[in-house]
Amino acid sequence: MSGEANGLHIDLEGALDADHIGDVGVPASAELLAFTNAVELGRGDIDQTRAALAAAIGAEATTEAAAIIAIFNGLVRVADGTGIQLDDGVFTASITERESLDINRFAGAANSADLQPAPSMPTAVHQLFG
Amino acid sequence: MEVVHRTASDPGRLTRSWAAEQIAALGEETYTELIGVTAIVTVIDRFQRAMGRPELPLPTPAAGEPTQVRPDDVGDIGAWVSQTVGPTTANVSRTLSLVPVTNQAWRQLVDTHYSHGAEFMNMQWDFPLSRPQAELVATRSTALNECFY
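Chains F and H, in that order, give the protein sequences.
In this text, residue positions in the first sequence follow my numbering: the first is 33, and each later residue adds one.
In this text, residue positions in the second sequence follow my numbering: the first is -3, and each later residue adds one.
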């Protein structure tokens, strides 16, 4: 969504593919993905990937990237630990993407198995943290 | 220990039946608070790791009794634990609403690390990391953690 708002065409499949480190349509994609993989998976050296990212986008933006990796490690734990369902609007709006990107294979999909497509809010990521 | 260990190490494979066992043994308030505290500590640890810094020591427990506050406006919304019902924010924003003190700390952490208050509604951020860059990192991180939500 923010990609469209910023005039970018995002390769979602590449963004989700753990083996892909390269351009997905966002500036400094390769450095961002390499750093994320290093922190999350230990693939690559964290210090080296952080230095490469800082060279590409600056120290402050690199610190923000670290903060986002960190918070999403918390968000997945509160989401999966409390067993929340997808919001109705998101469930409906993401049917095609969840199938094409194979997201339905995740264990947490079972929590939303009884949902039915229905038009209601929120439908977008920016509406999730109000 | 089981809740903390499984939540910290492999959150993508938690199941409703497993959670039901833990909730039956602990109570849903304690279970929810454990999830929240584990998440908060994980965030702090992961940030330290990402920045090449050593893990921070756990703080000394403070004296006093837990508030034991259970909000009146919580109920079954389809999750494994009770959460705020009625017109409210999205499900991810009420995950810990059963335990208000932990929820407040958690929401503050999310705001500081990611959502930036009202700025979250803006698709074009005026921060060093652009909105698409932030969402790319979030997307890869959640995918690697196999988070369906």
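Among the hints, a few may not be true.
As the list claims (entries may be wrong) - Which bits of chain F does chain H cover? Going by a derived footprint, with three or more residues having C-beta under 8 Å, they are:
| hint | stretch |
| --- | --- |
| 1 | 37 to 46 |
| 2 | 65 to 73 |
| 3 | 78 to 88 |
| 4 | 103 to 110 |
| 5 | 114 to 121 |
| 6 | 128 to 140 |
As the list claims (entries may be wrong) - Some, not all, of what chain F presents toward chain H, calculated at C-beta under 10 Å:
| hint | residue |
| --- | --- |
| 7 | 49 |
| 8 | 54 |
| 9 | 56 |
| 10 | 58 |
| 11 | 92 |
| 12 | 94 |
| 13 | 96 |
| 14 | 97 |
| 15 | 98 |
| 16 | 124 |
| 17 | 125 |
| 18 | 147 |
| 19 | 148 |
| 20 | 149 |
These are computed hints drawn from the structure, not numbers from a lab.
Backbone N, C-alpha and C define an ideal beta-carbon position, used for all residues, glycine too.
We went through each hint and held it up to the structure:
1. 37 to 46: Coverage by chain H holds here, the residue count being 5 at a Cβ distance below 8 Å.
2. 65 to 73: holds (count 7)
3. 78 to 88: Since 3 is at least three, the answer is holds.
4. 103 to 110: Satisfied; 8 residues make the cut.
5. 114 to 121: holds (count 6)
6. 128 to 140: Since three or more residues must qualify, the claim that chain H covers the stretch 128 to 140 of chain F holds, with 5 doing so at under 8 Å.
7. 49: Given a least distance of 8 Å, the restraint on residue 49 of chain F holds.
8. 54: violated (12 Å)
9. 56: holds (7 Å)
10. 58: holds (5 Å)
11. 92: With a closest approach of 4 Å, the residue 92 of chain F hint holds.
12. 94: holds (8 Å)
13. 96: holds (4 Å)
14. 97: The hint holds - residue 97 of chain F has a Cβ within 10 Å of chain H, the shortest such distance being about 5 Å.
15. 98: holds (4 Å)
16. 124: Residue 124 of chain F check fails; min Cβ-Cβ to chain H is 14 Å, beyond 10 Å.
17. 125: violated (13 Å)
18. 147: Holds: closest Cβ of chain H sits about 8 Å from residue 147 of chain F, inside 10 Å.
19. 148: Where the cut-off is 10 Å and the nearest Cβ of chain H is about 12 Å from residue 148 of chain F, the hint is violated.
20. 149: The hint is violated - residue 149 of chain F has no Cβ within 10 Å of chain H, the shortest such distance being about 16 Å.
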